[in-house]
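Here are the chains, one letter per residue:
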Amino acid sequence: MSTYDIIIVGGGITGVATAYELAKKKAGRILLLEKEFVSAGSTGSCAAGIRAQFGTEFNIGLMKRSLDKFEHLARELDYPEDKIELWQGGYLVLAYSEKEWENLKSRVEVQHRLGIMTEILTVEEIIARFPQLNLNGVYGGTFHQRDGHADPLHTTFAYARAARRLGVEIREWTRVEGLVQERGKIRGVKVNGELIEGEKVLVACGAWSSHLMKTVGVEIPLWGEKHEILITEPLERAFAPMVISFSIGYYIQQRPHGSFIMGIGPENPAHWHDPRDFDFSPTWRFLERMSQAATSVLPMLKSVNIVRQWAGLYEMTPDAHHILGPIDEVPGLYIAAGGSGHGFMFGPVVGELMAEWILGETLSYDITRLNYQRFQKGELVREPAVVG
Amino acid sequence: MDPKKVIICRCEDITLEDVRNAIKEGYTSWDQLKRVLRIGMGPCGGKTCRILVLRELAQHLNVPIDEVKTRPTVVRPPLRATPLKVFAKEGK
Ligand SMILES: Cc1cc2nc3c(=O)[nH]c(=O)nc-3n(C[C@H](O)[C@H](O)[C@H](O)COP(=O)(O)OP(=O)(O)OC[C@H]3O[C@@H](n4cnc5c(N)ncnc54)[C@H](O)[C@@H]3O)c2cc1C
Ligand code: FES
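Just so you know, the protein sequences line up as chains Y and G, in that order.
Terminal number for the first sequence in numbering that gives the first Met the number 0: 387, no gaps in between.
Terminal number for the second sequence in numbering that gives the first Met the number 0: 91, no gaps in between.
What the hints contain is simulated information worked out from the structure, not anything from laboratory work.
Among these hints, one or two may not hold up.
As the list claims (entries may be wrong) - Taking CB as the label site, the calculated pair distances span: (1) 70(G) <-> 189(Y): 16 to 24 Å; (2) 3(G) <-> 102(Y): 53 to 61 Å; (3) 3(G) <-> 189(Y): 33 to 41 Å; (4) 19(G) <-> 299(Y): 21 to 29 Å; (5) 47(G) <-> 295(Y): 48 to 56 Å.
Stated by the list, open to error - A short list of chain Y residues far from chain G (calculated; beta carbon distances all over 10 Å): (6) 39; (7) 43; (8) 136; (9) 232; (10) 271; (11) 306; (12) 330; (13) 360; (14) 370.
Please read these numbers as outputs of a predicted model, since none were measured by experiment.
Where is the CB? At the ideal position from N, CA and C, for every residue including glycine.
All chains, full assembly: derive it from the sequences and hints.
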């Protein structure tokens, strides 16, 4: 018998949420290994926006469930509300062309059908509600009040703490060097040259996942892509929603703490498959492009001070959707990664569904289309509403 | 001195007691403390509080200060808080 029933590699939102959900289902002895500390990867560098304004029925339904979970998370995990800092000031999506405007409006129908009550706002209506905005070049926008933000660090710490309380062992500063298989099935993981045995192993290593999967000869099309972000000094609450543009690629939001956090998609991002190539250095070019976009749409930001700028990785897949589920070539091995710029907001629901999948339960929401074979079969999952 | 009254991070208003409690909860590196307390995330970028926290950690863990775990240093400019308009002009 193995030392552990389930070993989870990676302490980002995906890993800790799955660990918690598994422990809640009394899945046995669970070990989570993290090479640095919980939240050290993309989760800790993200903007933590959460929204149900997606374009496909599949994603809207999934994010509706995640929003429901976020709304009850503090209580469920027994963690202070004011730390999880759920802020539902809405997402305001702006359209910068006639065509984009038509597309946004057409998605609202699907959203309404699924109970996501997005509003369609004309330029005049936007100005009436959000007079701080400069709407030059804007054709209209959509707004959904339940969208917003949660603190990514505390959300992750909250899951980790709740998981520990339920008996999950979490080892930080512990890097998994490789996966170990034997007689065609998973045997465990290697740490400091030694085998730690597990009946099942889940790889939830974000952008580092494909590299680790290679150690058992499994090729996963997933890579890291550098995305930059900055934060300003805190101000009194001046602006409630997350304002975003899919076509220009910016997003800007004032956090409950008062700072404005904002990002803009990279111009020609490299695709990094090997962690040795990962580069987190901030660039001057980003500061210029970001400041230009931000002061143009929110002129009040002109004299606000930037206090920090950093870079993180989007863990991208060919269709910008997660890769989830069992790996057929190595029974007992699972993957949950590839959030592609929206892995934080899906974290709670992905954790819940992965726990069901790993335990062989019937999935309460069918996510099987997100399996890794879809790329070979050419069955990509398309989503029009992605940013940056 | 009362640890409740000793301010370690002036920017974010965090006391020695806050730091000690977080260390007790298991946040035993600069990076973790920063993320759980926001310590070091103020306008000065941790210039004043970082060393105080490292000293507290070293004492708690009973190791020399350079053995306290940190991630490889990531530079997070700007070195001094600067308004957005400065860069917006450059971008034109
Ligand atoms: C600038 C930026 C802005 C973003 N904004 C948003 C947003 O607004 N909303 C949203 O939903 N998402 C956003 N994202 C995306 C989001 O951050 C990620 O999709 C999500 O955090 C991924 O979580 P994860 O747990 O899957 O991966 P990660 O958080 O990367 O966790 C993986 C963990 O695995 C660990 N690890 C790796 N290799 C090993 C190993 N060999 N052994 C042990 N541990 C290992 C890493 O240290 C890391 O902690 C943003 C990302 C960036 C970079
Ligand atoms: S004193 Fe801590 S960030 Fe400035």
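Results for each hint:
no.: 1; hint: 70(G) <-> 189(Y): 16 to 24 Å; in the structure: holds, 22 Å
no.: 2; hint: 3(G) <-> 102(Y): 53 to 61 Å; in the structure: holds, 55 Å
no.: 3; hint: 3(G) <-> 189(Y): 33 to 41 Å; in the structure: violated, 46 Å
no.: 4; hint: 19(G) <-> 299(Y): 21 to 29 Å; in the structure: violated, 39 Å
no.: 5; hint: 47(G) <-> 295(Y): 48 to 56 Å; in the structure: violated, 35 Å
no.: 6; hint: 39; in the structure: violated, 7 Å
no.: 7; hint: 43; in the structure: violated, 6 Å
no.: 8; hint: 136; in the structure: holds, 16 Å
no.: 9; hint: 232; in the structure: violated, 5 Å
no.: 10; hint: 271; in the structure: holds, 16 Å
no.: 11; hint: 306; in the structure: violated, 5 Å
no.: 12; hint: 330; in the structure: holds, 35 Å
no.: 13; hint: 360; in the structure: holds, 32 Å
no.: 14; hint: 370; in the structure: holds, 33 Å
Of the numbered hints stated above, those contradicted by the structure are hints 3, 4, 5, 6, 7, 9, 11, listed in ascending order.
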